[in-house]
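Chemist: So the protein sequences, as listed, match chains A and B.
So the first sequence is residues 4 to 493, counted in my numbering.
So the second sequence is residues 5 to 301, counted in my numbering.
Source of the hints: derived by calculation from the structure; they are not laboratory data.
All of these numbers come straight from a predicted model, not from anything done at the bench.
Glycine included, every Cβ here is placed at the ideal spot set by N, Cα and C.
Hints should not be assumed to be uniformly reliable.
Stated by the list, open to error - Incomplete in silico selection of chain B near chain A, CB under 8 Å:
hint: 1; residue: Y50
hint: 2; residue: M54
hint: 3; residue: Y55
hint: 4; residue: A59
hint: 5; residue: L68
hint: 6; residue: V73
hint: 7; residue: L138
hint: 8; residue: P139
hint: 9; residue: N189
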Amino acid sequence: MKKKLISLLLCGTMIAALSACGSTESAAPTETETVEETTTATDDAAAETATEELPEVTITLGMYPEDTLVDDIAVFDGYIATYQELHPNVTCVPAYYKYSTDTFMPMVESGNCPTIFESWFTEPTKLIAQGAIADITDELEARGWLDAMNPSIKDLLSDSNGRVYGVPRDGYALGLMCNVELFEAAGLVDADGYPTLPKTWDEVAEMGKTIKEATGSAGLVLLAQDNAGGWHFSNIAWAFGATELCKDNGDGTFTSNLASDEAIAAMEFVKSLKWDYDILTADPLSENWGTGFTQLGTGNAAMYIGANDAVAQPTQVNGLPVDKLAMTAIPAGPGGQYSLYGGTPYFFSKDATPDEINAALDFLEVMGKAPVATESSVAGMRAGAEANVANGVPVIQGFPCWVNQDYLDAQASVVSEFSNVDTKLFQSYFDATASKGLHLEEPGSTQDMYAELTKVLQAVLTDSNADVAALMKQANDNYQTILDSTFGAE
Amino acid sequence: MKAANKPKEKFRKRDLISWLVMLPSLVLFAFFVWEPLIENIRLSFYSTKMYETVAFTGLKNYYLVLHDVDFLAAFKNTFSYTLWSLVIGFFVPMIIGVLITETVHLKGFFRMAVYFPNIMPSLATIWIWSYFFLPGATGVLNIIAGKLGMGPYEWLNDPKWTIPLIIITLTWKSAGSTALIYMANIASISPDLYEAATIDGAGIMQRVRHITVPSIFGIAKTMLILQIISVFQILYEPMIFKNGGPNNASISLMMLMYRYGYRDYNVGKAASLSVLVCIILVILSGIYMRATREKEN
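Excised from the complex, chain A in its bound form (with noise of 0.2 Å):
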């Protein structure tokens, strides 16, 4: 009997779970519901013409901070909730992602991409064949930003056909990021206490010279741990006249330059840095960009090659005071001095819809991030240079991604009022870089170029034998392999 039952019992069980698994509708609603219901429904009443033009759409947001940063955070869900102010019928859900080549894939292939993301200007090419992202063409054509987006950049972000798939967040030069304590304590300082920061790669070698006997730590971070190694020695190998490491051949193939005379001397003066002047860290193939604005943030180095868009790295993330961060262009060597230029562009999902993509770009007016001077525009710029300053990060000008000229006016002016840095400590900076010197990244496979360059490193760093002509032969014969095989040979 007792056996019965509970037979019974798990039958009936059974019986309710299926039921309510195949149940679309809930049984009768409480009495809260019920007037939760009605209530919803005469607001709904009242709302419908209001928004009976508008889409409900939802767009995930990539560039929300990483949770580690709180502050950042708190400025973010401040835009989030001015946009939903202004835009009622969009839900936005922060997705915070840091573009990385190992992770995108597999995440837009299983539908996962955010809406809107941030990614770097080498990637365009490989994202566009692979049509890994949103061409956005007819969105930015119908705002009017294709006209204020700078030229050089717009091309960056274009297909052959002359399709956009991006939008420029900022602009960057690189230039040379130095620890200002450090100057000091090597009485690297001039009659008025300010630091005398190197012109020349020269000075930068016996500048990190003096630092290193005074004061323990290196005078310079070069990385060589992976791509990143080979794109800050491109501004080295520039400066020592090998402007064209690779050569646009204008029928859609490209020729390797990497064994020219100036890039192998490039290379060697890196070799003397280790071998003979003895400056860098204790292990530069350990380095890359990230360890090495903790290595200048936490004064284990005096000098780093960084660009304006990266300055919360040693600040606020590394913990250098605000005040004891310097900047100055890339230094010169015998060919000129040159300053890569470049940006973190927005990219959209593949999958986006064109009401999805025009509430992204919307939401980047709010940030402050768009080619408008609208109020919300503006209030975006001023939040973020206001968490800024509270958060110890200097405030200081950006590198022109948009050239319509209220929005440079607006984001100028919002730089003057929250200026928390002396300029005297980045005037070097900005002057070479308003000046000629400013270098496009190498046209062809760059991040493989990249990659080329950072073995050679690699092996004259750790090699003090090390035949540097004969690893740039290689390196150039390698790369220019690679070329053919991808654009097909000359």
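Given chain A's structure and the hints, the job is docking chain B onto it.
Modeler: Same frame as chain A, but now just chain B:
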């Protein structure tokens, strides 16, 4: 005629039940092992866009892989990893297993101690070792060497030593678990044999040589081929230690495959390299099985 059919029918009935028992596993294998394997081989003959095939390209992906500027270095290094792992890593767990079995006191502690590195997260292990191998005055090993009036050494930055040192860390981490397998095997040897040998006056070396080693020979053969297959697919250790450097001194075939798939988004090329690795492993296993079978015969 009837008599001949009867056992066959009986066999079928038994077979059906067995197949039913195996069915869930077969379905899982089909979905998660065989289908991806076959799909991988198919992908290797196509150009791809994301994970979708675009056009049949025959052996082009294989041609591109074999002519890749990093292929030769990765190919040589992968064999070097395997060779060094046999030199350094094959006998260590066997020796540990024998020593702990012969230990009288604190056997449990030693068993736990050798297994301990195995339960540490792999990334943590690599980072700890990175501090040991740091060149310059701040590396742990260089500090110790300095106290002894030696060094400083370049450790992983010296291309001649990168692979052997990575194999040492790999052995440090995984020898304990293999040693446990040997210990379990040794424990199954009849104690009578040891007692008899001891009574006959055999010392520890003779007992190991004449009883232990012949008894674990079978399992050692299996462990050897498993080790070759495992080390041949080494990926994250060289990737995290030195990102395949210095100057490709530690790049492996799996790292190259990873780069094709996840850095270059070229799934077809990655698939073709994985098929090549599979073929190499099948050949190596075949040669090994043949060699050991001939020896057994």
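Chemist: Now look at each hint and say whether the structure bears it out.
Modeler: Here is what the structure says about each hint:
1. A hinted interface residue such as B/Y50 counts as satisfied when its beta carbon comes closer than 8 Å to some beta carbon of chain A; here the least separation is about 14 Å, so the hint is violated.
2. The restraint placing B/M54 at the interface with chain A holds, with a minimum CB-CB distance near 6 Å, inside the 8 Å limit.
3. A cut of 8 Å between beta carbons decides the hint on B/Y55: the least distance to chain A is about 5 Å, and the hint holds.
4. Interface restraint check: B/A59 against chain A, minimum CB-CB distance 14 Å, threshold 8 Å, status violated.
5. The restraint placing B/L68 at the interface with chain A holds, with a minimum CB-CB distance near 6 Å, inside the 8 Å limit.
6. At its closest, the beta carbon of B/V73 sits 4 Å from a beta carbon of chain A; the interface hint therefore holds under the 8 Å criterion.
7. For the restraint placing B/L138 at the interface with chain A, the shortest Cβ-Cβ distance is roughly 6 Å, inside the 8 Å limit, so the hint holds.
8. Annotation: interface hint on B/P139 holds; nearest CB of chain A at approximately 5 Å, less than 8 Å.
9. Below 8 Å, beta-carbon pairs count as interface contacts, and B/N189 has none with chain A, the closest being about 40 Å; its hint is therefore violated.
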